[in-house]
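Please model the entire structure based on the sequences and the hints provided.
Number of protein chains: 2
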Amino acid sequence: MSMNNNHVVIMAGGIGSRFWPMSTPEKPKQFIDILGTGKTLLQSTVDRFRNVCPMQNIWVVTALKFKSLVEEQLPELPRSNILLEPCMRNTAPCVAYVAWKIKKKYPEANLVISASDHVVTDVFEFDRVIHAGLDFTASGDHILTLGMRPTRPETGYGYIQVGAEQAGEIQKVVSFKEKPDLETAKTYLESRNFTWNSGIFLWSVRTIEKAFRTYQPKMAELFDSMEAVYYTSEEQRAIDDKFPCCEKISIDYAIMEHAPNIYVFPADFGWSDLGTWGSLHELSRKDEQNNAVIGGQVKLVECDDCIVRIGADRKMVVQGLEGYIVAEQGGVFLICKKTEEQRIKEFSEGM
Amino acid sequence: MSMNNNHVVIMAGGIGSRFWPMSTPEKPKQFIDILGTGKTLLQSTVDRFRNVCPMQNIWVVTALKFKSLVEEQLPELPRSNILLEPCMRNTAPCVAYVAWKIKKKYPEANLVISASDHVVTDVFEFDRVIHAGLDFTASGDHILTLGMRPTRPETGYGYIQVGAEQAGEIQKVVSFKEKPDLETAKTYLESRNFTWNSGIFLWSVRTIEKAFRTYQPKMAELFDSMEAVYYTSEEQRAIDDKFPCCEKISIDYAIMEHAPNIYVFPADFGWSDLGTWGSLHELSRKDEQNNAVIGGQVKLVECDDCIVRIGADRKMVVQGLEGYIVAEQGGVFLICKKTEEQRIKEFSEGM
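These protein sequence lines are chains A and B, in that order.
With our numbering, letter number 129 in the first sequence gets 129, and the count goes up by one each step, no holes.
With our numbering, letter number 101 in the second sequence gets 101, and the count goes up by one each step, no holes.
Quick caveat, the hints were computed from the structure, so don't treat them as lab data.
A pair counts as met if it fits within one copy or between any two copies, since identical chains are not told apart.
With a straight-line cut-off of 25 Å between C-alpha atoms, the simulated BS3-like cross-links for lysine-lysine are:
no.	residue 1	residue 2
1	179	345
2	286	299
3	299	337
4	218	242
5	67	27
6	27	337
7	67	103
8	27	299
9	345	299
10	315	65
11	177	248
12	242	105
13	315	337
14	315	27
15	338	299
16	338	315
17	248	103
18	286	337
19	210	242
20	299	315
21	67	104
Below, the structure written as structure tokens:
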């Protein structure tokens, strides 16, 4: 198949409240250089699709208030490839909108759906997996998810149960599992029949259109009704008017749990959803005392198991902390125990 | 006596290394609004002498590199009243220089010598004590120090042993004591015959000149030799040339410990030398958990006995710290245990 049929849809409307103060409602984590690499998570996400399709085939779905951030961070992205959701309706309506729009102009399109705020450390393996996956979805009516081989009994991810070993790398999905408790996560890890659900999906527009018509007929109808306005000056007004009528539902619930033709590609390319400070700590290079430092000039004295992330222009001495998060973004600071990170949203209130 | 004979000498050449990162070699603590009052310590020091003498009679002795900070922070101070020491030679040469200069033009002058980086909370009582002290030094050949009534067995201050109770508030000094250990400090506190040495001195230029001639004849001779250049364009060059020849010695060692006519005015006007973060914590308003917050918007969650001092434009959430200093100045941060504050100079190295 031609590379020109490949399209990448990047969902960049999330608000990342668990990463405060680096992530704020005005500038969520996808727009921040969380890892201190010099690129924001959104920019790194686009970068890793460099060999998958040309920039004209990359679509970013976000909210109006983030439009200028996307434009600023992705200057090479055609402005018309930025799609604006008038409100948050979870992933299914977002996926439907962009699928309906793309299929009008590119009925042969073969899509990858990706979050904008995840991390991949092995980009070469990622590239290989995406290309192999796109070959698979181009060759038949297949819905493909990327499953990450679990390395720990993580309770922060959903899991995918895979079937008996099949030829090739791609396997049939047996079932999707919600975030498990620790005991369940341990049995998943031991059984070797479960992968983490990365939320990266691949399908042709034909396949996903058919799936929506079958399992979400109302939503299909709603986007059918706007067929005439895609790529016209009327599009945004129509979307602003009708998109809010969509049910607030994830693509997992809307499609995955119903369709029979769901496959998983178990892979290992150093993926993290970077959902928590703990996952950032996990992912970062650490010193002998298990401290991770990202950003400015930081001197740690008698510290253990800490993660310090401050702006590149900051300097900091930290003495005598064990198991703490120390974070700064734009003059807003957080110091808290790592064990309390699930309370960060509470801490951030009123700040 | 006329108020116009009163002169105030403010020593503003210190480097305040124990207050890093708020205090830096480029901008030591006297030039910083440490208490978050909107005024720097130097400005507050000048303010509390408002009723003692006119601005033309206030002299600030500092280093060349701090000259522009003094000019900026004290715009009403005549530029010619800023005296520049070419190097740090402790307090005695500084006192001699300014005394010799003042006596050339104002032989009847009656002086107060004060640090620039201390705190006084009861400015009305301070004003009363200074005026009473100046009356005393104007009336005879008396060297007067202000002794602070101790409220705790502080080991960070020198002490002054006072004699048997005499008429009036001013008493004869029996001896000066170095910073004591805790046990000794406790006996001082119990005996009630000791005050803290505030380092605030009062004397007429006649008295201090005579004392220097008697106990520091070489220094007196050195400043005599420059008699012709004070208030001329040659002054700075001569001082730069000769001041470094002075012995590095404090006024306490140079004069106080030798002269017989030394008196102390035990007083209580809420004084602190603000020498440490602990003293700032002591001095600050605290919440029910004994936390003191100065500066920006700070939310403390499950914190006890902490002092947090950040810039007014910063926001911070601190969770789960007990007995810590959290400080910021100009993008440089310190987090350390209060018990380790004597190591701050070490922490600051290389930052």
